[in-house]
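*Asks:* If you're matching them up, the sequences are chains A and B in order. Be aware that the first sequence starts at 1, since it is given in the working numbering, and climbs by one per residue. Be aware that the second sequence starts at 1, since it is given in the working numbering, and climbs by one per residue.
It is worth saying that the hints were derived from the structure and are not from the lab. Ideal Cβ positions, reconstructed from N, Cα and C, are used throughout, including at glycine. Errors might be hidden in some of the hints.
Unchecked claim - A few chain B positions that, by computed beta-carbon distances, are all more than 12 angstroms from chain A:
1. Met1
2. Thr69
3. Thr71
4. Gly75
5. Gln78
6. Gln80
7. Tyr81
8. Pro83
9. Gln169
10. Thr172
11. Arg174
12. Leu176
13. Gly177
What the hints assert, rightly or not - Some chain B residues close to chain A (C-beta under 8 angstroms, calculated; not the full set):
14. Ser4
15. Lys8
16. Gly13
17. Thr17
18. Phe19
19. Met30
20. Ile31
21. Glu33
22. Gly43
23. Lys47
24. Cys91
25. Val118
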Amino acid sequence: MTIEQVLNAPMIAWPLGLFDCCGVTDGASAAILCRAEDAKKYRKDYVNIKAFGMSASPGWGKERIDYDFTYWDATQHAAKAAYAEAGIKNPRKELDMVELHDCFSIAELIASESMQLCETGKFKEQMTATRAYYHDGEMPVNISGGLKSFGTPLAPAAAVRLRNIQADPEEG
Amino acid sequence: MAESIKDKVAIVGMGCTKFGERWNADAKDMITEAVDEALQDAGVELKQIEAIWQGTQWGTQLSEGGVATGTLVSGTLQTQYIPVTRVENACGTGAESLRGATFALAAKGYDLVMAVGVEKVKDMGFGGLPSVWIGRWSRYTVRSAPGRGDMPWPPLPTRQVRFEQRGRQEGTGRDLGQKPLLRSQEPQGASEERSDH
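All chains should be built: construct the whole structure from the sequences, respecting the hints.
*Replies:* Written out as structure tokens, the structure is:
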């Protein structure tokens, strides 16, 4: 795919063209879990869960005409909770790899900033500097290709991201 | 006193189908495919699984807004009376099913559980996602919700006004030929400073 193809793609909702939007897809995924002390019974390279951050916003984005869509308050709260639970003080330095929800191209920027992976408004400069789009980057983001590559079957999408992490035992 | 769940729960097996336009596979086919792979990956049998969390956002096989209950998984896998909990949390549905499974293990309610996510959304008959939220919830319920009257906000414009402010006709989305309202032209008092940014 070329830059021209992306820029000349049919407009879906300005300024987002066809390739800025993920496809809706069918799919299923499954995960088997046990307590960490039992995990060795099943395999050596199990993946420990460090934290869950979950946050439901009051839904202002759908109601308020003055809602600021350039950051996600719920994501910010959820990320903060997860970092606190996992004992992460500086996500930019401590996270080795990130899979995040990029249903639209702009969503990756908003999610990254809301998750404090870079400073607000500095996505382009800082994520380019850390080579966020490459396996050998300091903190690769969505090296699975993200939702725009494999589509979003919604419910199973989170799990496929986990599998990518599992595939790299260093991320444990 | 709540404790952190850090390092208390582990994932020992994962399975995943191909994502895409699966015209020749229904939800049950895909559940079987993913679950078989996960069981094989963990080296366990289905009868060892003690509870299942099933994440499904949309109806899956059913009509728009229909509900896929836990029997979608228990029926497909023919599990024998173990609990199946169907969860939904928008695009976080998959994570939500993992979260349920994780906390149940941390509480020592079970020793070995499974989280399953499935979605069959290509057969809806149109592109994109169904407008269940807008049609069923936003339009009628929000403004009558208790507590909203206490919020220090100006009154919310009606849905029709919101569309017209963006130069579109409500319902059809037809372009009204007007310039959309710019942020700087928004009604007096509509903007507030974010408090927690």
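*Asks:* Please go over all the hints and tell whether each is borne out by the structure.
*Replies:* Against the structure, the hints:
1. Distance check for methionine 1/B against chain A: the nearest CB is about 14 angstroms away, which clears 12 angstroms, and the non-interface claim stands.
2. The Cβ of threonine 69/B lies farther than 12 angstroms from every Cβ of chain A, with a closest approach of about 14 angstroms, so its non-interface assignment holds.
3. Residue-level check passed: threonine 71/B sits 16 angstroms from the nearest beta carbon of chain A, beyond 12 angstroms.
4. No beta-carbon of chain A comes within 12 angstroms of the beta-carbon of glycine 75/B; the shortest separation is about 15 angstroms.
5. The claim that glutamine 78/B is not at the interface with chain A holds, since no C-beta of that chain comes within 12 angstroms of its own (minimum 15 angstroms).
6. At roughly 18 angstroms, the least C-beta separation between glutamine 80/B and chain A is larger than 12 angstroms, which holds for a residue marked as non-interface.
7. Interface exclusion of tyrosine 81/B from chain A stands, the closest Cβ pair being 19 angstroms apart, more than 12 angstroms.
8. Every C-beta of chain A lies more than 12 angstroms from that of proline 83/B, the closest at about 15 angstroms, which supports listing it as non-interface.
9. For glutamine 169/B, the condition that its CB be more than 12 angstroms from all CB atoms of chain A holds, with the nearest at approximately 16 angstroms.
10. A cut-off of 12 angstroms between C-beta atoms confirms that threonine 172/B is not in contact with chain A; the least separation is 16 angstroms.
11. With a minimum CB-CB distance of about 15 angstroms to chain A, arginine 174/B clears the 12 angstroms threshold, and the non-interface call stands.
12. Residue-level check passed: leucine 176/B sits 16 angstroms from the nearest beta carbon of chain A, beyond 12 angstroms.
13. Under the 12 angstroms C-beta cut-off, the non-interface status given to glycine 177/B relative to chain A holds; the minimum distance is some 16 angstroms.
14. At a threshold of 8 angstroms, the smallest CB-CB gap from serine 4/B to chain A is about 5 angstroms, leaving the interface hint in force.
15. The interface hint given for lysine 8/B holds, since its Cβ lies 6 angstroms from the closest Cβ of chain A, which is under the 8 angstroms cut-off.
16. At a threshold of 8 angstroms, the smallest CB-CB gap from glycine 13/B to chain A is about 4 angstroms, leaving the interface hint in force.
17. Residue-level restraint check for threonine 17/B holds (minimum Cβ-Cβ distance to chain A is 5 angstroms; threshold 8 angstroms).
18. With a cut of 8 angstroms, the hint placing phenylalanine 19/B at the interface with chain A holds, because the nearest CB-to-CB distance is about 4 angstroms.
19. Contact between methionine 30/B and chain A, as hinted, is supported at the beta carbon level, the nearest pair being about 4 angstroms apart and thus within 8 angstroms.
20. Taking 8 angstroms as the C-beta contact cut-off toward chain A, the hint placing isoleucine 31/B at the interface holds, the least distance being around 5 angstroms.
21. Because the smallest distance between the Cβ of glutamate 33/B and any Cβ of chain A comes to about 7 angstroms, under 8 angstroms, the interface hint for this residue holds.
22. For the restraint placing glycine 43/B at the interface with chain A, the shortest Cβ-Cβ distance is roughly 6 angstroms, inside the 8 angstroms limit, so the hint holds.
23. At about 13 angstroms, the closest approach between the beta carbon of lysine 47/B and any beta carbon in chain A exceeds 8 angstroms, and the interface hint on this residue is violated.
24. The beta carbon of cysteine 91/B comes within 6 angstroms of a beta carbon in chain A, closer than 8 angstroms, and the hint placing it at the interface holds.
25. A cut of 8 angstroms between beta carbons decides the hint on valine 118/B: the least distance to chain A is about 4 angstroms, and the hint holds.
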